[in-house]
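Asks: Protein chains in written order, with the working numbering: chain C, 1095 to 1409; chain Z, 4 to 179; chain E, 3 to 436.
Among these hints, one or two may not hold up.
What the hints assert, rightly or not - Below, in silico cross-link-like pairs of lysine-lysine (DSS-like), each with a Cα-Cα straight-line distance of 30 Å or less: (1) C/K1234 / C/K1151; (2) C/K1389 / Z/K132; (3) C/K1182 / C/K1234; (4) C/K1376 / C/K1357; (5) C/K1121 / C/K1133; (6) C/K1409 / C/K1331; (7) C/K1357 / E/K225; (8) C/K1113 / C/K1376; (9) C/K1376 / C/K1323; (10) C/K1350 / C/K1125; (11) Z/K132 / C/K1121; (12) C/K1323 / C/K1182; (13) C/K1323 / C/K1121; (14) C/K1133 / C/K1357; (15) C/K1113 / E/K358; (16) C/K1350 / E/K358; (17) C/K1357 / C/K1409; (18) Z/K132 / C/K1151; (19) C/K1350 / C/K1323; (20) C/K1323 / C/K1151; (21) C/K1376 / C/K1389; (22) Z/K132 / C/K1202; (23) C/K1202 / C/K1128; (24) C/K1394 / C/K1331; (25) C/K1237 / C/K1133; (26) C/K1201 / C/K1151; (27) C/K1128 / C/K1323; (28) Z/K132 / C/K1394; (29) C/K1121 / E/K225; (30) C/K1133 / E/K225; (31) C/K1331 / C/K1113; (32) C/K1201 / Z/K132.
What the hints assert, rightly or not - Not close to chain E: a few residues of chain Z, all C-beta gaps over 10 Å, as computed: (33) A35; (34) A36; (35) A43; (36) A75; (37) R86; (38) A98; (39) L170.
In short, the hints are calculated from the structure, not lab data.
Backbone N, C-alpha and C define an ideal beta-carbon position, used for all residues, glycine too.
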Amino acid sequence: AREMRVSSFEPPQGFYSAKILQVWIDKVNAKLSKGNAFKLYPGSILGAPPAQADLVKAGVADVALVVPTYTPGVFPMTGVVEVPGLVKSSAQGTAVLNALQADGALKKEYADYKVIALFTTPGYRFLMTRPGLDTPAAMKGLKLRSPSSFGSTLLGLVGASGVSIPAPQVYENLERGVVSGAVWVMDAYRTFRLYEVAPYVVDTRVTASPMAILMNRNTYNALPGADRKVIDEMSGKAAATWISDVVDTTDAAIAKTFHENPKIHFVTLSDAQQTAWDTALKGASAAWVAAQTDKAGARKVLKEAEQVSAANAPK
Amino acid sequence: MGGTMSPRDKTPPGKTTRSKAPRVSTVFLAAAAGCFMLGAGVTVADVVLRAVAGRNVPAAIETTSLLIGLGALLSIPVSYAMRTHVTARLLSEMAPGRFARPLGRFGALMQLLFAGVLCAIMAVNLWQKWASPERTPDLNLPMPPLWAVVALTFLAALVAALAGLVLEWRRHGHDG
Amino acid sequence: MGSGLMLGGVGFAAAIAMILMEVPVAVAMGLVGLGGAALVIGVQGAEAIGATTVWDSVTNYTLAMLPLFVLMGNLAAQCGLSSRLYRSMSVLIGHRRGGLALATIGASAGFGMISGSSLATTATMGRIALPEMQAAGYSRALSAGSIAAGGTLGILIPPSTVLVIYAFIAEQSIRALLLATAGPIVVAVTLYCLAIWIPIRLGVSDAPDIARAARAERRAAVKDLAPPVGVFALIMGGLYSGAFTANETAAIGAAVVLGYGVLARRLSWRGFFAASMDTALTCGALYLVLIGANLFNFFLALSGLPFALTGLFSGILGTPTLVILLMFAIYLFLGTLMDSLAMLLLTVPLFVPIAKAAGIDLVWFGVFAVMVVEMGLITPPVGMNLFVLKTTQPDIRMTELWRGVAPFVMADVIRMGIVIAFPVIVTWLPYTAF
Ligand code: NA
Ligand code: NA
């Protein structure tokens, strides 16, 4: 019998801590055998965001929420969901990752883990400090907070430059004009109160981030069969689908409240603007393949991702 | 990393006598200070470029963090060798004759133990992750060589802690 | 859970015992942290913690400004900026008993306006003020005490990294929180001045008696204030006009002071070299303490001790005053050993829901938490501000430091009493003015 640590880099009230991990923990704990239980360690208590994958591997955390792009090179194929056009909603991106996982395309990068769930954020929006920054042409020369290494490559394609800034410092950097905007999700917009300094939301959805909930293999293997079964039922594609549902619903709800807020200005892309973005980012998938060590594998993964994405496009 | 300078020598307040540090330490300190200066330089360049040309130094934050981290690492062995650690000298301040010597030696031993543990941890970390494809997010530098730098500075720190212990053992009972 | 709690308590006691046995603080906390973590999660886990903690501590961008502020302070000392500042102030207000100690509180508050960190404020003021106050005949206890206490203003006065982090954890408006600190800052500065003035009046604190300077000398002193005040104004202007972020201030500050030294021909190669070497030597000790403290905090989190402490609140949620007093007691207990930021990260997520349930205003609570956490910086045995002072001046005695901060700790306790009794001091500005 033991208490298993579930690590989250987000504070306990943060979206993934409260709405995903804690809910998952409560559901699983109710069915585990007596004495075995998961417990949430939120707020980066167990380590900084980029360290989460290592912490699970070493058993410091038994389960952790991992952002694969925080450690470039470690989960290369998972990063395919960052390629523009593949992910507008979490459901779409989650379908892509789980199809790749089912085909064994991601087997190597998660060999050290028991995968609880692979999913993605919704498509990222551009959260801007000034109005009118909604076309690729307007991006020229701008500095924007970039979500990842590949995110900076994308911004480079439209003549902007990506600046990496730790999440808690984005607010101040927007306020001081160090960057003119951030490429991010609505829940960060709310949590970090970015709306106070960046009231223009451009609904570009050109990229998204992969996310993973990973479990330590030894912890999993040491559990009695009945408990492993409980965890199996609460992981894989079913768990990922549940998560992406919550993610998309919450994203829509937050977007709606900001839509109704007269101080926040939402820009939905017109067809012409959408085409302009698509054209500007045409070279992105080639750039993604070029950045991978296994280029043949990357091409294959990209092709499959494109197919699954097309089949799961949101209405 | 030997030397005769004790951090507890009477130093006129604020006046620098630390340049008397032994040669190896001086090299480490100078390298560390150089890193701090470069880190500051990158940040200043970023601010100036932003103000003047509306551009930024690529990966300024990561470069600054790495440079200052390297400076901090390089200054740690010196801190061991010269025993400039923060220590609450309550007992030896009250009764120097009785406590200064045994507690000084105990402290130096514990410091050696800590240096040994950290060095081992860094070595194991490097060994386990030597083949890791991980890179830094902005500069795209491979991580294993960076971990190797960390492991090497902690190896230097271990040697320095040993030197610190020898110094402490040789020191006579008086406490300055 | 129970055994982990026990382990947390034993680890706490072991670290304190080792510190009292004069094991370097970093070593005591680091060894207990790693050893304790190995007991909770195994040797392999402790290894991983050690490796990630060292890497995170040395490459942390927010901590990166510490060496740069230390560098700025050392350069200012070598250029004679700090001696000019203090000599002028000595001429202008030195004839009032304790005048320079009061000026140090004022200067710390001023520095707090460009620095978001208490450690940086203390490190810089330690370099600037400590030698000058002693040169003017102030006792080491009083000079060190006023610098360590003045340093705690660094996180109360905006910009403040700790307050910004609280805002994110508790999901409160950063603007409201910053406005809310105004009242407590006034109370804090006033009480610190009394903490200097009353012991001098009672004859238990040493401050020199200096005759009032002649008029001509005073006029020259005012003129001499121009360079230090000008340099400071330049840095502050850049920060508040938004030209650079709080994190960038340290680099800009060091560059501005260096530029002044070179252009005014007040910095020799020798002085530049000495400032650089001193910075590196101070930072080695400083980073080791940070690594040790992080390892210990990690272990404490794993032990479940802070989680268990929150269990104490279940029966008293109906009485907010009791909740606040209990939190105050817990913070004082944890503050004996923990670093301020770690303490805040660990406790705020646990305490915010409790405070909410007890009907306590969360803007008020944020200011309260920052103030009690900041008290931990000057309370023995582990007070990071005291350690920073000791790294900048190793020959100062721990007992002198503790004696020196005692009146300021009392002032802090009184401040907490005032803010608890009259919460309007905190809430008036954010809620009434905006
Ligand atoms: Na401040
Ligand atoms: Na303390």
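Asks: Hints first: check each against the structure and report whether it holds.
Replies: Results of checking the hints against the structure:
1. The straight-line distance between the Cα atoms of C/K1234 and C/K1151 is roughly 42 Å, outside the 30 Å bound, and the hint therefore fails.
2. Only pairs whose Cα atoms come within 30 Å are accepted, and C/K1389 paired with Z/K132 is accepted, the gap being roughly 23 Å.
3. Taken as a hint, the C/K1182 and C/K1234 pair is honoured in the structure, with Cα atoms around 24 Å apart against an allowance of 30 Å.
4. Between the alpha carbons of C/K1376 and C/K1357 the distance comes to roughly 34 Å, so the proposed pair goes past 30 Å and is violated.
5. The hinted pair formed by C/K1121 and C/K1133 meets the criterion: a straight-line CA distance of about 12 Å does not exceed 30 Å.
6. About 21 Å separates the Cα atoms of C/K1409 and C/K1331, which keeps this hinted pair within 30 Å; it holds.
7. Note on C/K1357 and E/K225: the hinted pairing is violated, with a Cα-Cα distance of about 49 Å set against a maximum of 30 Å.
8. Restraint check for C/K1113 and C/K1376: not satisfied, since their Cα atoms lie roughly 36 Å apart, outside the 30 Å limit.
9. Between the alpha carbons of C/K1376 and C/K1323 the distance comes to roughly 45 Å, so the proposed pair goes past 30 Å and is violated.
10. As the CA atoms of C/K1350 and C/K1125 are separated by approximately 36 Å, the hinted pair breaks the 30 Å bound.
11. At roughly 35 Å between alpha-carbon atoms, Z/K132 and C/K1121 are farther apart than 30 Å, so this suggested pair is violated.
12. Among the hinted pairs, C/K1323 with C/K1182 is inconsistent with the structure: their alpha-carbon atoms are about 33 Å apart, more than 30 Å.
13. This hinted pair checks out: C/K1323 and C/K1121 have alpha carbons roughly 13 Å apart, not beyond 30 Å.
14. At most 30 Å may separate the alpha-carbon atoms for a hinted pair to count; C/K1133 and C/K1357 exceed this at roughly 39 Å.
15. About 19 Å separates the Cα atoms of C/K1113 and E/K358, which keeps this hinted pair within 30 Å; it holds.
16. Of the supplied pair hints, the one linking C/K1350 and E/K358 holds, its CA atoms being roughly 26 Å apart against a limit of 30 Å.
17. Distance restraint check for C/K1357 and C/K1409: the Cα-Cα separation of roughly 29 Å lies within the 30 Å cut-off, and the hinted pair is therefore satisfied.
18. Of the supplied pair hints, the one linking Z/K132 and C/K1151 holds, its CA atoms being roughly 12 Å apart against a limit of 30 Å.
19. Between the alpha carbons of C/K1350 and C/K1323 the distance comes to roughly 39 Å, so the proposed pair goes past 30 Å and is violated.
20. The hinted pair formed by C/K1323 and C/K1151 meets the criterion: a straight-line CA distance of about 21 Å does not exceed 30 Å.
21. For a cut-off of 30 Å, the pair hint linking C/K1376 to C/K1389 stands: about 18 Å separates their Cα positions.
22. At most 30 Å may separate the alpha-carbon atoms for a hinted pair to count; Z/K132 and C/K1202 meet this at roughly 16 Å.
23. Our distance criterion of 30 Å between C-alpha atoms is broken by C/K1202 and C/K1128, whose separation comes to about 34 Å.
24. At roughly 21 Å between alpha-carbon atoms, C/K1394 and C/K1331 fall within 30 Å of each other, so this suggested pair holds.
25. A distance of roughly 40 Å separates the Cα atoms of C/K1237 and C/K1133; the hinted pair therefore is violated under the 30 Å criterion.
26. Our distance criterion of 30 Å between C-alpha atoms is met by C/K1201 and C/K1151, whose separation comes to about 15 Å.
27. Annotation: proposed proximity of C/K1128 to C/K1323 holds, straight-line Cα distance about 15 Å (limit 30 Å).
28. Between Z/K132 and C/K1394, the direct Cα distance comes to roughly 28 Å. Compliance with the 30 Å bound is thereby established for this hinted pair.
29. At most 30 Å may separate the alpha-carbon atoms for a hinted pair to count; C/K1121 and E/K225 exceed this at roughly 71 Å.
30. Restraint check for C/K1133 and E/K225: not satisfied, since their Cα atoms lie roughly 63 Å apart, outside the 30 Å limit.
31. A hinted pair counts as satisfied when its Cα atoms are at most 30 Å apart, and C/K1331 with C/K1113 qualifies at roughly 18 Å.
32. At roughly 19 Å between alpha-carbon atoms, C/K1201 and Z/K132 fall within 30 Å of each other, so this suggested pair holds.
33. Residue placement check: Z/A35 does not keep its beta carbon more than 10 Å from all beta carbons of chain E (closest about 4 Å).
34. Chain E draws Z/A36 into its interface by the beta-carbon criterion, the shortest separation being 4 Å against a cut-off of 10 Å.
35. The beta carbon of Z/A43 is not kept farther than 10 Å from every beta carbon of chain E, the shortest such distance being approximately 4 Å.
36. Remark: the non-interface label on Z/A75 conflicts with the geometry, its nearest Cβ contact in chain E lying 4 Å away (cut-off 10 Å).
37. Residue placement check: Z/R86 does not keep its beta carbon more than 10 Å from all beta carbons of chain E (closest about 8 Å).
38. The beta carbon of Z/A98 is kept farther than 10 Å from every beta carbon of chain E, the shortest such distance being approximately 12 Å.
39. Every beta carbon of chain E lies more than 10 Å from that of Z/L170, the smallest distance being close to 14 Å; the non-interface claim holds.
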